[in-house]
Each structure stands twice: as C-alpha cells, then as structure tokens.
Amino acid sequence: MTHTAHASTPATSAGAAGAAGASDGAPASAAPAESRTTVPARAPWSAVVPAGYTLTIVDLGGNQAVDFLAYAAHDTARRYSAPDTVQGQGNVFLTTGSVLRDCEYQPLMTVTADTCGRHDTLGGACSKESNTLRYGHHTAHQHACVENFLLAAAEHGLGKADLVSNVNWFMNVPVEEDGTLGIVDGLSAPGLSLSLRAETDVLVLVSNCPQINNPCNGFDPTPVEMVVTAPGGGDR
Amino acid sequence: MATPHTGPTATTGAARAHARAQEGARADAMPYRPARTWPAPPPGVPAEDLTWAETVAGGGYTHKIIARGTSLRLADPVGDACAHVLLHDPDHPVERLNVADTVKVPWQAYVTTGHPLLSDQGRAMATVLEDTSNRHDALCGTSSLARNTERYGDGTAYGPAPAGRELLRLAAAKYGLTARDVPPSLSFFQGVRVAGDGTCDFTGSAGPGTHVTLRAERPLLVLIANVPHPLDPRPEYTCSTLEVLAWPGEPTRPGDELWESTPEVRRALTNTADHLAARGIQ
Chain A
1 MTHTAHASTP
11 ATSAGAAGAA
21 GASDGAPASA
31 APAESRTTVP
41 ARAPWSAVVP
51 AGYTLTIVDL
61 GGNQAVDFLA
71 YAAHDTARRY
81 SAPDTVQGQG
91 NVFLTTGSVL
101 RDCEYQPLMT
111 VTADTCGRHD
121 TLGGACSKES
131 NTLRYGHHTA
141 HQHACVENFL
151 LAAAEHGLGK
161 ADLVSNVNWF
171 MNVPVEEDGT
181 LGIVDGLSAP
191 GLSLSLRAET
201 DVLVLVSNCP
211 QINNPCNGFD
221 PTPVEMVVTA
231 PGGGDR
Chain B
1001 MATPHTGPTA
1011 TTGAARAHAR
1021 AQEGARADAM
1031 PYRPARTWPA
1041 PPPGVPAEDL
1051 TWAETVAGGG
1061 YTHKIIARGT
1071 SLRLADPVGD
1081 ACAHVLLHDP
1091 DHPVERLNVA
1101 DTVKVPWQAY
1111 VTTGHPLLSD
1121 QGRAMATVLE
1131 DTSNRHDALC
1141 GTSSLARNTE
1151 RYGDGTAYGP
1161 APAGRELLRL
1171 AAAKYGLTAR
1181 DVPPSLSFFQ
1191 GVRVAGDGTC
1201 DFTGSAGPGT
1211 HVTLRAERPL
1221 LVLIANVPHP
1231 LDPRPEYTCS
1241 TLEVLAWPGE
1251 PTRPGDELWE
1261 STPEVRRALT
1271 NTADHLAARG
1281 IQ
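Protein chains in written order, with our numbering: chain A, 1 to 236; chain B, 1001 to 1282.
These aren't lab readings, by the way, just hints derived from the structure by calculation. Computed from a predicted model, the values in this text were never measured in an experiment. By construction, the Cβ of each residue, glycine as well, lies at the ideal position given by its N, Cα and C atoms. Fair warning: there could be bad hints in the mix.
[Said to hold, decoys possible] Between beta-carbon pairs, the in silico distance windows are:
#1 A:Gly136 <-> B:Ala1067: 23 to 33 angstroms
#2 B:Pro1090 <-> A:Asp75: 45 to 55 angstroms
#3 B:Glu1236 <-> A:Ala113: 34 to 44 angstroms
#4 B:Asp1197 <-> A:Ala113: 19 to 29 angstroms
#5 A:Asn213 <-> B:Pro1233: 35 to 45 angstroms
#6 B:Ala1010 <-> A:Gly90: 29 to 39 angstroms
#7 B:Gly1153 <-> A:Asp75: 23 to 33 angstroms
Based on the sequences and whatever the hints tell you, model everything.
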C-alpha cells in the first residue's frame, strides 16, 4: 500500500492536545500566504509544506529541542535520511545551506536561514525505551519524542517502521576527538529560529521534545512556533 | 522457422546432466554449505561448529537469521571490504537497529570492542566482542542509487557499481520487508572521524587481514551489503571480498566483564534478557 498525504495546502495538525488553536487544523480553502501555529511544550505537530513554501521554526523560550522528520508527501517511503544528509555536506551539523536529503539522496528541504548556528543530526529521538538505558528504569513512563512521532505519524497513515534517525533543531551534540558525544547545554536562545524551504511537497512530523533528564530543553520544555510561508511571502 | 538447436543440452536429459555436472565448481564469492567445509576456521573454533561461512564479493550482499549467543565474525582479508549491516528482530522486524541510539546511549560515536548495537526498543541486539580494525562508521550510512550513478555512472543492483541501499532493499525483500524497513545502517572496515567543526573525514581501511566479531544478544535477522563506503574518495568502485563466519555461543550474562562495563550496557543487556525471558527464551 502506498501512503499518501494531501499536499495542496499547508494544512497543519496540532496533535492530541489541540491547544495549538482550532483554526490551524481546519481545512483551508486556499493556501494562505502565512500560517502560524504555537506548538505547546511536549506536544506533536505535523504539516504538509508545499514545494516552494518555507517552514520557519522559532525557539520561543530558548534551548528547546525540536525533533523533526520529513517525508516526500507523494511517496512517504522516501524519508529524511540523516546519513544521506551528512554524506551530502560532509558534516554532521546543520545550518544555513544544509540540504535535508531523503533515503534516496534526493533533496527534501534546504535550510535558508538560521540564527542559532548549529543543529544536530546524530542524536535521534528520545523514547521511553531508550530513556531506561540513558537514565534508569524510573524514566520509563515519562513522555518522549517517539510517542509524539507515533501520534503524528498515525494521522498520516504512517507507523513505527516509518520512524528513522531525525533532525534535532536547536540541540547541541558535540563530538570530541576520541568519539565521545553527548547532548550538552544548548546554543539557542529565546527568539532564535531557522527556516526550511520545501524542495518538493514535504510532510513534516515534529515532536516538541519533552525530555527533562538532559539539558536539551534546559530541563524545562517550552512552546515553539511554526510559521509556514508561501513563496514570496517573506521569510522571517 | 529457426533450425532446431542440436547442442549438448538439446534434450531434457542432456540439459539435466549438464546442470548436475556443474556441482563442485568454485567461485570467488560463495556460501560454504555445510559451513564446516570452510577451509580455515578462526583459532579455537572447530570447523564443525560453524553455522555460517560465506565470502561476499564487492558489490554483493548476504543475509541470515542467527541464534542468540552466536558469534558473527566479519573479516576483510584484502583490505577494501566495507560491510554495511542491518539487524532486525526476525519475529517482529519492526524492532531493528537504531544507529542514533547506538551512538547516543553509550556516549560514543566510534563503534569498537565493547560497544552495544541497540534497537529502537532500548535493547542490545548485539555487542562488539573483538575488533582488530577500529575503522568503522555509524554516521554516514550506505550508498544510494542516485549517488552511485553520480559518482560511478551506475548504482543499480544488477549493474557494475551496486549501491548499498539497493542491495539492502533486496536482502530485506527476502523476508517480506520493504524500503520502509531499511533504516540507516552501520558499516565496518572503512572509518570516518568527525572534526570539531563537524566535518567528516574519511580514514579508510586499516589494511588487509582485520576482523570484527559481533555477539548476537538475541535472535537476529542480519542483512549485509558489501559495497564501497559512501565517502570513499576513490573514483573507481573499489570493494574487495568480505568473509562472514558464525558459530554458536553464549550471550553476555550478568557478571561478565562486558555486562558490567558501563551502566548503559548493563541496562541494555538487562532489557534484552527481560524481553527474552518473558517470551521463554533464556
């Protein structure tokens, strides 16, 4: 079966909490020049970003990791590939000019602006399961990014097999000379943002990371803003 | 109407004899079956214990389901192999190798002896028992049709420069799995190091004669493609034969040095043991 997602408008889904504003989930009769959604702390979000549109992610409170996956909307078997993205630019960090590539090396989105400076391709998503390895079994029932991804994926007919290594916007993961790597205090601050231009119709899944056991969210998950802008609509 | 062909395979009987006469021929890359016919088992491993013995040509792939406790030894006799590996739960393949967790949880990007290979369910799928290469890569994945076509003029599975993803998709298909079941893979024998600014430097092979031995900490579906590393700068498609050997053994147990090596490894192995115990597997 081929999973498809309707791509004619930048329709968004605010996740189970529904706190992102009822108007954002309503079908749009025509693609607006700009749509804005505030994604609550700990919540999922998804949208189809039409080719040429720009998605801007704003770190409202600062140091908030935004876990992010992207799929070719017309063929979701083609999904963001961290290794193809790293291969393509020869670097593990994302910033302005970085091309997010799919598992067949094709461009999905391009970073057109970035006031933070560096974002992670290596760390993947937190999960209830991996939290037990990282922190201990007492964390097994804490909400986690994979839960958000599963919820957002299900709204588009996708499931667990569709989840792969993701982007972590605003997350700081240095790699030391001996290979030691880890999530350390963030580089982001309130109001910093990055913009992504869709190179094809792209389904985006987001988990506004709920992690509280490491510094990726400054130990205090906060809301982020998603702005989808039509071509020529003016990137912020 | 064409003239009937009257060669040595013109009849079913003659064609059958011709086919059967081919047994015993040797190829540079082939499975040895039974595996005990492998000519040179590793020191301390009786030939009759081998459960998998195979040579995989550059541009080739292989796959097998192996038992918990199995030692899986990948060897690079010539020095230009690159084994791109995926691991799945054979019964529930939606649980599979997760390279992000495999580097994040142990706080270490470079896979070598003692490293756990983790699934997306917080469990150890395998551990690295032995490594004489120390040139491996968990960050850059494998090659794609598009990129091989760009670099070598072809990337099809049936052409002269097969891409790793094309081969892993074929291997996965043998188990009813599709492109959605082929996540980022881990590769052995061609190294990458990350500079402070994030740049990926290809460090290549450690030379001929190295090997890495994995221990299956649970039953595993193993998919392997042997293709050039995607960052290999050589203009020619360069990949030499990979040797794959396996023999039975015990999984890592509480009290073993590896089990106790780090809190993350201990919890990963504990989660695996817990998962298997509930299913009646010790």
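**OP:** Given the hint of 45 to 55 angstroms, check if Pro1090 of chain B and Asp75 of chain A actually sit that far apart at their C-beta atoms.
**Re:** Hint violated: Cβ distance 28 angstroms, outside 45 to 55 angstroms.
Original post:
Cβ-Cβ distance between Glu1236 of chain B and Ala113 of chain A: within 34 to 44 angstroms?
Top reply: At 40 angstroms between Cβs, range holds.
Subject >> Hint check for Ala1067 of chain B and Gly136 of chain A - Cβ pair distance inside 23 to 33 angstroms >> reply: Because 30 angstroms falls inside the window, the suggested range holds.
Original post:
For the pair Asp1197 of chain B and Ala113 of chain A, does the Cβ-Cβ distance stay inside 19 to 29 angstroms?
Top reply: Cβ of Asp1197 of chain B to Cβ of Ala113 of chain A: about 20 angstroms, so the range 19 to 29 angstroms holds.
**OP:** Take a look at whether the Cβ-Cβ distance between Ala1010 of chain B and Gly90 of chain A falls inside 29 to 39 angstroms.
**Re:** violated (58 angstroms)
Subject >> Distance restraint evaluation - Asn213 of chain A, Pro1233 of chain B, Cβ atoms, bounds 35 to 45 angstroms >> reply: holds (40 angstroms)
Original post:
Does the Cβ-Cβ separation between Gly1153 of chain B and Asp75 of chain A fall within 23 to 33 angstroms?
Top reply: Given about 25 angstroms between the Cβ atoms, the range holds.
Violated hints for the displayed structure, listed by number in ascending order: 2 and 6.
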